[in-house]
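K.L.:
Sequence:
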Amino acid sequence: MSHSPYLAAAIEAARAGEEVIRKYYQSNLAITVKADRTPVTVADVETEQAIKGVLTTAFPEHGFFGEETGRSNADSEYLWLVDPIDGTKSFVREYPFFSTQIALMHRGELVLGVSNAPMFGDGEMAYAERGYGSFLNGSRIRVSDFDALDAATLSLGNIKTLTKDAGCWTRIGELIRSVSRIRGFGDFYHYHLLASGKIELIVESDVNILDVAALSVIIGEAGGTVTQFDGRPLDLDATTIVASNGRLHGAALDAIGGCRACVS
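Here the numbering used here is used: the first residue of the sequence shown is 24, the next is one more, and so on.
It is worth saying that the hints were derived from the structure and are not from the lab. Wrong hints could be hidden among the right ones.
As the list claims (entries may be wrong) - Listed next, with one range per pair, are the computed distances between beta-carbon atoms:
| hint | residue 1 | residue 2 | range |
| --- | --- | --- | --- |
| 1 | Asp173 | Gly76 | 43 to 51 Å |
| 2 | Ser25 | Asp277 | 37 to 45 Å |
| 3 | Ala58 | Ala81 | 26 to 34 Å |
| 4 | His26 | Pro256 | 21 to 29 Å |
Said to hold, decoys possible - List of simulated lysine to any residue pairs, SDA-like, C-alpha gap at most 25 Å:
| hint | residue 1 | residue 2 |
| --- | --- | --- |
| 5 | Lys187 | Asn160 |
| 6 | Lys57 | Asp260 |
| 7 | Lys46 | Thr92 |
| 8 | Lys46 | Ser25 |
| 9 | Lys57 | Glu117 |
| 10 | Lys183 | Glu197 |
| 11 | Lys112 | Thr262 |
| 12 | Lys112 | Asn231 |
| 13 | Lys112 | Arg206 |
| 14 | Lys112 | Asn51 |
| 15 | Lys187 | Asp260 |
| 16 | Lys57 | Asn231 |
| 17 | Lys46 | Asn160 |
| 18 | Lys183 | Gly254 |
| 19 | Lys183 | Arg165 |
| 20 | Lys112 | Arg94 |
| 21 | Lys187 | Thr176 |
| 22 | Lys112 | Ile232 |
| 23 | Lys221 | Gly190 |
| 24 | Lys46 | Val65 |
| 25 | Lys112 | Thr92 |
| 26 | Lys221 | Asn160 |
| 27 | Lys187 | Asp59 |
| 28 | Lys183 | Leu216 |
| 29 | Lys112 | Ile54 |
| 30 | Lys46 | Met142 |
| 31 | Lys187 | Thr250 |
| 32 | Lys221 | Val134 |
| 33 | Lys57 | Glu41 |
| 34 | Lys183 | Asp59 |
| 35 | Lys183 | Pro62 |
| 36 | Lys46 | Phe143 |
| 37 | Lys187 | Arg255 |
| 38 | Lys221 | Gly144 |
| 39 | Lys221 | Ser203 |
| 40 | Lys46 | Phe120 |
Where is the CB? At the ideal position from N, CA and C, for every residue including glycine.
Kindly produce the complete structure, drawing on both the sequences and the hints.
P.N.:
In structure tokens form, the structure reads like this:
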């Protein structure tokens, strides 16, 4: 597959960020707690700076929305969405369930995504561009064709938030009882598994669009479906996710019934 200039730049940016991550990983970094009570390190900031440098050099007219540096040129036709280290808590605890997330939005529509987990195994990079399919470490991937809940594997994320409302948790429990297996892979990993046809459903709350924008494109191009709990497409304010192989999406939405109380 020959990459478009946008995807080529996004992959280059992810690799530039990876160099920073490898320099700092397992180096006992100092941690600062942000106003939203999430941790940040010098690695987060420098990784985002490296990514931003590549993207803004390639496309100076594009907007940028980064976890650490905020928004610039946000009214542009094109907007890059970047979380340099999605899973900073894993990063600082020195286990490899973290990733770099880079997505491109064109006129409000997500059209490209790169998800790079450099310290996971031998490294795992997934990417996709609208209309061209999804790839993991260079090989094309596709969601499963399971079409019955009782044969499906469901992975849950941010379970603490899902449990904060009894009615919502009851509905999630009904969904859990209807599937074959329940797991909690979390972070980037269960999205990579879903896009690769290895699980069928993800339900997750308390997310930020920067965490999931790229992953939603990857799943969509692999044949799956990603929405908010109420069935709406993702937007910049999304905080909930139902992701599926497409065939089971309606059943999952019916089972959780919107679960609006789980929205943080």
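K.L.:
Which hints from the list above does the structure break, by number from lowest to highest?
P.N.:
5, 8, 19 and 23
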